[in-house]
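Quick note, the sequences are listed as chains R and H, same order.
By the count of my numbering, the first sequence reaches residue 670 at its end, each step adding exactly one.
By the count of my numbering, the second sequence reaches residue 237 at its end, each step adding exactly one.
No wet-lab data here; the hints were simulated from the structure.
All C-beta atoms in this analysis are idealised placements derived from N, C-alpha and C, irrespective of residue type, glycine included.
Don't take each hint at face value.
Unchecked claim - Quick list of in silico lysine to aspartate or glutamate cross-link-like pairs, EDC-like style, CA-CA up to 20 Å:
#, chain 1, residue 1, chain 2, residue 2
1, R, Lys298, R, Glu326
2, H, Lys147, R, Glu659
3, R, Lys627, R, Glu589
4, H, Lys211, R, Glu222
5, R, Lys260, R, Asp242
6, H, Lys147, R, Asp23
7, R, Lys475, R, Glu659
8, H, Lys147, R, Glu320
9, R, Lys521, R, Glu222
10, R, Lys538, H, Asp165
11, R, Lys417, R, Asp594
12, R, Lys516, H, Asp194
13, H, Lys227, R, Glu320
Said to hold, decoys possible - Ranges of calculated distance between the beta carbons of each label pair, as one might list FRET restraints:
#, chain 1, residue 1, chain 2, residue 2, range
14, H, Tyr229, R, Lys627, 36 to 42 Å
15, R, Asp594, H, Leu189, 41 to 47 Å
16, R, Ala492, H, Arg177, 38 to 44 Å
17, H, Leu223, R, Glu659, 49 to 55 Å
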Amino acid sequence: MSRIGVFTCWCGENIARNVDVERVAAEVAKLPGVHCSVHTKYMCSDPGQALLREKIASEKLDAVIVASCSPHMHLRTFRKTAEAAGVNPYKVEMANIREQCSWVHHDRAAATAKAIDLIRIAAAKVNWNEPLEPIRVPVTKRVLVVGGGVAGIQAALDVAEAGYEVVLVEREPSIGGKMAGLSETFPTLDCSQCILTPRMVEAGQHPRIRLYTYSEVEEVNGFVGNFSVTVRRKARYVDISKCTGCGDCWNNCPMKKNPSEFDYGLGNRSAIYIPFPQAVPARPVIDRNNCTRLKKGKGCGLCEKKCQAGAINFNDEDKLVTEQVGAIVIATGYKLYSIGRQQDNGRMSGYGEYGYGEYKDVIDSLQFERLISASGPTSGRLLRPSDGREPKNVVFLSCVGSRDDAKGLPYCSKICCMYTAKHAMLYKHKVPDGQAHVFYMDIRAGGKNYEEFVRRAIEQDGARYYRGRVSKITEENGKLIVRGADTLAGVPVSIEADLVVLAAAILPAQGAKELARKMNVGYDEYGFLLESHPKLRPVETAAAGVFICGACQGPKDIPESVAQASAAASKVLVMFGHKEMTRSPEIARVDEKVCAACFTCVRTCPYHAIDKAEVRSRNGALLKRTARVNPGLCMGCGTCVAVCPSKSVDLSGFSEQQVYAEVEALV
Amino acid sequence: MSEPFEPKIVAYVCNWCTYLGADLAGTNRLEYPSNVRIIRLPCTGRIDFNLIVKAFEMGADSVLISGCHPADCHYTAGNYHARRRWILFRRLLDTLGIEMDRINFTWISAAEGKKWQKVITDITEKTRALGPYKAYRELHEVAG
């Protein structure tokens, strides 16, 4: 039996008002194992903690119960204090006689009786508490960053600059992400590529960044500090170590009319291509679905003939590489809600009435970015897709799919108000005699210099803003008739437009959910990845050692994505700052002698933290099979304990003995 | 006439949602009957069938199991396991002859101090109306 000290707190008047603290202290002194029982005004104050240390020494205590506030408030405090005085921190329990007693029961007799009960329950438990040592896990000081957009690049560069190796995996042939395709950025109208491409080059050339483009994360094994990640390097058909990026291949490729992914179908690319001129790496890839040679297995091969470096390899295959890392940063970004089509999610019915996909001159916002970008398919001249004429009336629709629970998504996509103002402004700069019209629900311009930016679009660049929605877009004689309402003026509005730009809602990138599942990261109903705590742990996830940043967590603009990326990098660096990591020892353990190897726990564990293991004799003969907990992965939920038919799994800190002792102390 | 009947209620709650919900009821000074005794567990997934039976054996008149709302589990899925197991428990407990009215299952989040107050008040009143749970007490008496 332990030598328990019970410390009952008055919390000034907070507890003492409704609980007779002196009587409680006297009563609990009689409990089995309780060696000393004292009460004091404020246990959490310096004198209170000094009393704790003093009594531990003078009474030779080996277990402590503090009867005061919620363990969520001060358990950590008292465990630290007790540890400093020589008591194992896991031999400290609290009885919550404030939040769950004195504050909610005003009948003094009943509250006092309950306080005594709560301490009795805690004393019964603490008798069975085992001294535990924190689990130490070695840390592989390398990080995997998934996604090479602005967030991924920022996180990778931050960690690499701090002196650690980074594996940066990007699905597309080049890093750069969505930002590489933008024209200019709000609220400064900096050219997007001018800001981003130097960072891309830095990431591409950094001695501590290993770049895997045109690659995807196939499998993640292991646990915090010790992940083993398998990356699929998709067949590129170009040996990037030999290729010099000279361009002889794509300039000679006869299959030139393939819609460019980078230009969202507004421009064309050849079958062997680099997505855009500033691509990093500036090495091409062959689109196997449109290459004559790869489709037929013979013929063409012009690129191979022209390549002086001998870098073309038509027999290339997908390769799997395995990387060992200690931490993972997910920065997979976003995609646009697909406007015209029936959505995969049943709740979204699409916006067929806007004619997207039907009328060539109805485009989405990312397409518009390409149309006004100097590196775009029109080399920066704003020409509409249908006939290449300069549009004199352009209508911008915000909230297409956003804030529309009936047809789209209930949330605000956050960046559309700002980029729509930017679009109206840039349009006016390109076509000074043109007119921009904007339909909006509300203008949400929270951010430094954001409201001023929107005012500029309206006041200096003369964009006409209509508060209202558009009901239908039709085409008549080469004009798009946009019918909507101006709800402030209370009149219907009909505009003959040459071009319509839809600010589509933002969704997490394709495949983000699948990736999250591989890493045990949670996601919401739309697929945005879940942070551990929306305020205090914004870049951590439920999976230890996996961090998130950028638009994969929710719609956000470039400055926010970059800030979050640096936050994620700093969390990684906190991990890497220690020789080894310590984790809570309140985790599950298997009694391998009793385990019947039914592996129900293996199937139930939400963290995949239980492995099937074998016990072998010294000469290697199989003695038995058993479940075994991986202490690096177990989070201590105890689900395995409840499902184990042979009762061979137990949870330290909440063991069967401890919990049953608590229940038995109820009477 | 002996003292009026004061039911004993045992609440198995998870550490992250319902325990914090009960704390919030305290922070907001929401008064409720003092009959409940909380056993704090990491997750409702940790609760097994025997614990419920044990509580009745030890003199509980009602048992409450409460955890995070679906999709809010701190451990991703523990509450789903608890819910699935609960469906089985119900039938088993019913077979054992334990009155189903005495077993309560709810979700209470860390923000639902008011719900905690209501749930505890309702269960206490309900149990008071049901009277003491005697089956185990009688067994104990027979066993001496």
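Structure-based check of all given hints:
{"no.": "1", "hint": "Lys298/R / Glu326/R", "result": "32 Å, violated"}
{"no.": "2", "hint": "Lys147/H / Glu659/R", "result": "12 Å, holds"}
{"no.": "3", "hint": "Lys627/R / Glu589/R", "result": "27 Å, violated"}
{"no.": "4", "hint": "Lys211/H / Glu222/R", "result": "47 Å, violated"}
{"no.": "5", "hint": "Lys260/R / Asp242/R", "result": "24 Å, violated"}
{"no.": "6", "hint": "Lys147/H / Asp23/R", "result": "31 Å, violated"}
{"no.": "7", "hint": "Lys475/R / Glu659/R", "result": "65 Å, violated"}
{"no.": "8", "hint": "Lys147/H / Glu320/R", "result": "61 Å, violated"}
{"no.": "9", "hint": "Lys521/R / Glu222/R", "result": "7 Å, holds"}
{"no.": "10", "hint": "Lys538/R / Asp165/H", "result": "16 Å, holds"}
{"no.": "11", "hint": "Lys417/R / Asp594/R", "result": "52 Å, violated"}
{"no.": "12", "hint": "Lys516/R / Asp194/H", "result": "41 Å, violated"}
{"no.": "13", "hint": "Lys227/H / Glu320/R", "result": "73 Å, violated"}
{"no.": "14", "hint": "Tyr229/H / Lys627/R: 36 to 42 Å", "result": "38 Å, holds"}
{"no.": "15", "hint": "Asp594/R / Leu189/H: 41 to 47 Å", "result": "28 Å, violated"}
{"no.": "16", "hint": "Ala492/R / Arg177/H: 38 to 44 Å", "result": "56 Å, violated"}
{"no.": "17", "hint": "Leu223/H / Glu659/R: 49 to 55 Å", "result": "29 Å, violated"}
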